[in-house]
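Asker: Protein chains in written order, with my numbering: chain G, 10 to 533; chain C, 10 to 533.
The hints are simulated quantities; they were obtained by calculation from the structure and are not laboratory data. Worth double-checking, as some hints may not be accurate.
Copies of one chain are not kept apart here, so a pair can be met inside one copy or by any two copies together.
[To be verified] Straight line, CA to CA, 25 Å or less: simulated BS3-like cross-link-like pairs of lysine-lysine:
1) Lys67 <-> Lys275
2) Lys192 <-> Lys54
3) Lys54 <-> Lys365
4) Lys192 <-> Lys365
5) Lys67 <-> Lys463
6) Lys365 <-> Lys463
7) Lys192 <-> Lys42
8) Lys42 <-> Lys402
9) Lys67 <-> Lys402
10) Lys42 <-> Lys400
11) Lys54 <-> Lys276
12) Lys252 <-> Lys192
13) Lys365 <-> Lys67
14) Lys365 <-> Lys42
15) Lys314 <-> Lys128
16) Lys360 <-> Lys54
17) Lys252 <-> Lys42
18) Lys360 <-> Lys42
There are 2 protein chains.
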Amino acid sequence: MSRGADPKATSCTRFSTAEATAETRDAGKLREKILTMETLNPHVKAVEYAVRGPIVIKAGDIERRLQQGVKQPFTEVIKANIGDAHAMGQQPITFLRQVVALCCFPELLDSPAFPDDAKQRAQRILQGCGGHSLGSYSASQGVECIRQDIAAYIEQRDQGIPADWNNIYLTTGASDGIMSILKLLVSGQGSSRTGVMIPIPQYPLYSAAISELEAVQINYYLDEANCWALDIGELRRAYRAAKQHCQPRVLCIINPGNPTGQVQSKKCIEEVLHFAYEENLFVMSDEVYQDNVYSPDCQFHSFKKVLYEMGPEYSSSVELASFHSTSKGYTGECGFRGGYMEILNMDPEVKAQLVKLLSVRLCPPVSGQAAMDVIVNPPRRHEASYTQFTKEKNSVLGALAEKAKMTEQILNSVPGMKCNPVQGAMYAFPQIFIPPRAVQEALSVAPDMLYCLKLLEETGICVVPGSGFGQQEGTYHFRMTILPSAEKLKVLLEKVRDFHLRFLQEYSPQEAPVRRTSQEHSET
Amino acid sequence: MSRGADPKATSCTRFSTAEATAETRDAGKLREKILTMETLNPHVKAVEYAVRGPIVIKAGDIERRLQQGVKQPFTEVIKANIGDAHAMGQQPITFLRQVVALCCFPELLDSPAFPDDAKQRAQRILQGCGGHSLGSYSASQGVECIRQDIAAYIEQRDQGIPADWNNIYLTTGASDGIMSILKLLVSGQGSSRTGVMIPIPQYPLYSAAISELEAVQINYYLDEANCWALDIGELRRAYRAAKQHCQPRVLCIINPGNPTGQVQSKKCIEEVLHFAYEENLFVMSDEVYQDNVYSPDCQFHSFKKVLYEMGPEYSSSVELASFHSTSKGYTGECGFRGGYMEILNMDPEVKAQLVKLLSVRLCPPVSGQAAMDVIVNPPRRHEASYTQFTKEKNSVLGALAEKAKMTEQILNSVPGMKCNPVQGAMYAFPQIFIPPRAVQEALSVAPDMLYCLKLLEETGICVVPGSGFGQQEGTYHFRMTILPSAEKLKVLLEKVRDFHLRFLQEYSPQEAPVRRTSQEHSET
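Next up, chain G with everything else stripped away, as it sits in the complex:
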């Protein structure tokens, strides 16, 4: 692949371009690239990320063709593949944007168009920035006063359980934090290689990170028949099986669930933490949907709070990193790439290593840090922006709750489709019946990929096949967001229903579609 050292090279200390060009013209034509699929880092090759995978690339192509005037059986592509609220028309929270704009252009601090509480927040943030500018690098862990605000927020959220701002690290979205912590934890070779337990279905950042870091992925299956609950017996099964070929050291939890939308009960979290304590597992709790709980009988419990309530034996020993983000909740500020992690019980020397690792990337985007600050320190009852802020927040969350309900209802009205309640997060993950003939036809692609491709081609609706998240063998799903406006979402769901009926018709003309046919698979 390399041409190796050229014997001419040694004598040619100073070369002439023209001469060299003539000499290498023929060689040039035969040159192989240095970076090819053969020489590419194999761990990069192994990475898969369905949320922006082949189907989304295809959706982009179709969108471009539409723009160029190419006729399609629909007038727009609806990207229900990714939790990208603003792209679906959700409006930013005014107060958040006011604060960030003030930080960005402090001359506005003199403008009467901005409320005092927003100005005070901005001034406080700027005081924490080098040279009072959003343009300075922050400390690698983030702006100090923002870390303090986050700790205060966590304390309040967890009903007074103390939070130390020294344990808070700002991140570039939650993904960056998750990647950094996993990076620390991967070591060993062969059967002592780090195993990482992840839920199936999972958010594919986890499997992608595990591939990239060459860790061992340990699947524990969520219980679809039981609203995607986490079953402790299944955790034990997965752990024991994995112990044979790797060293399980990390347990990842997504609560509320992505793509599955379940909200874990306090009892379940206790069991998980007890299990992690027993088996010496580092717990990573992805809690980016902590503000997205819709079912009236569900409540968000942070892993940290539950850990503390289990007593000092647990709270002083279980190593826990929990993650939050500006991208979800009621703000949906994905583009700012803001987030934080709280890390408990980490060895102080390792903590120094983490800070060192983070310092190589210098700091998370400071405007994202500012956005995070507004989320953890929103207007208070007596402040000028309180009323508008509360109205906007409730409006977003109220609409999401209604859309969660509507999505579940419409999908469950479709023969051959079964959707668990969307208790939280922003996604429905219905199980779909795919007729055997379609399964046979799929061949080179996963049957649910075939399904989603056809859905896209026929309706312009872009969703992600369940195979991108993982699912019990023989079951098929897709993930769709509940983010389009209620009217649009209703149309979308009706289109999905009509498509599904056509699909069933096409592939099983003789066979009457039976509701929940494949549900048994996940009940085993």
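Here the structure of chain G is known, so what remains is to put chain C in place on it, guided by the hints.
Answerer: Chain C in isolation, oriented as in the chain G frame:
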């Protein structure tokens, strides 16, 4: 390290917290952590990043003590360790901040306080964002119209040599882009493991990334006696030596140099590209200081332009990634974490793999992308903001040029210190004579670390030891930024001079300090 499977565990499917707490109380006390220095990812452990290393942590401690009222022989800590312009008092470019603030809070588009050209820029950027919001994820490669603006900028910069926006990728600062490209390139085991050629002295992101990715670092030494020029013979030597134990596949260049401040001549760039062509090396050219050229007899030439001027044999085959950033130049917007890379001649399949890899992190911060857009698409001659923009830009660059000169002059007036001209970038990297007695005393730390620690403790000035960047054995340096205001920089340099004289006195009372004593080392 792991307690292993607990025999109780199997029977205890549903556990009681109180019971478990009592049972494990004693075990709890003896628990070992999961993540310790022993189990930490060894590649993370191997990472070093001097720019925010031990001396900067110490500077932070001293700063905190000062704030608490603890007396020190100085009244403030001056952080000349990092190219963080705003933290050193540089003011943001008004136009840039106006555009980003408008994007952030589009209600301001109706405000008469903002000029029309800024509004037009903001509207164009928002048109490119999903839902016309900075809060949407962009495509993994960045906002399309920003990529187009970048391509247009490169074309203009390179006197018409075409740039294709499909080759442009927005990044989270340049560091993120550099890391991503290196990640692709690392493969092979043993003597076929990827070797990465880096200049010595280097910016330690490179060595850190190489450690993290477990690639092989190949040092080529810049010629200190010749203004830190890159010598092609030295490249060949380093390549040949490395060939014995690894597969050199990547050649990294920093131009203008960091920490060394040299600006490469066109001839030198031609030689480097010819060498890369000959030896089949992927070229990574770090050009984040392309706007920071101060010497009247120097000019920035992009690797891309030179490659094209060498003719199609080269321009159609040499694989090249070049990097730019919002953090340097005349804007110094580090906190926005904006940047881009242009990638030439990459295998299309590998490109798809790159996009897949980037998509896992979703997108670079969109506000940073907006900042990057302003840099590549500044006000034009006929536009409202042109005069103020040009004044501000010239003021920053003019001041930097003066400070570059002053720094070189004052440092060269100090006996036992020798500083090459600061032709570009933002740093001086003087060689310092360290008396043998001080070298002996240093023992467990590098002698220049001892020097910098003492400088910090005695004067409050924080600079980074040369050992953090790499240097010829037996030579000692430090890197300092030229970013403080001219008045402050002058005081700082005088303090450095006085400290250096005291240091020489302390460690070599009998020996008259001889100017350039250790210079010979780098002339070998």
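Asker: Does each hint hold? Answer for all of them.
Answerer: Comparing the hints with the structure gives:
no.	hint	verdict
1	Lys67 <-> Lys275	neither (41 Å within a copy, 43 Å between copies)
2	Lys192 <-> Lys54	both (18 Å within a copy, 11 Å between copies)
3	Lys54 <-> Lys365	between (28 Å within a copy, 9 Å between copies)
4	Lys192 <-> Lys365	both (13 Å within a copy, 19 Å between copies)
5	Lys67 <-> Lys463	within (11 Å within a copy, 60 Å between copies)
6	Lys365 <-> Lys463	between (48 Å within a copy, 23 Å between copies)
7	Lys192 <-> Lys42	between (30 Å within a copy, 17 Å between copies)
8	Lys42 <-> Lys402	neither (53 Å within a copy, 41 Å between copies)
9	Lys67 <-> Lys402	neither (34 Å within a copy, 43 Å between copies)
10	Lys42 <-> Lys400	neither (57 Å within a copy, 46 Å between copies)
11	Lys54 <-> Lys276	neither (40 Å within a copy, 38 Å between copies)
12	Lys252 <-> Lys192	within (20 Å within a copy, 30 Å between copies)
13	Lys365 <-> Lys67	between (40 Å within a copy, 14 Å between copies)
14	Lys365 <-> Lys42	between (35 Å within a copy, 20 Å between copies)
15	Lys314 <-> Lys128	neither (33 Å within a copy, 47 Å between copies)
16	Lys360 <-> Lys54	between (31 Å within a copy, 12 Å between copies)
17	Lys252 <-> Lys42	between (42 Å within a copy, 19 Å between copies)
18	Lys360 <-> Lys42	between (41 Å within a copy, 13 Å between copies)
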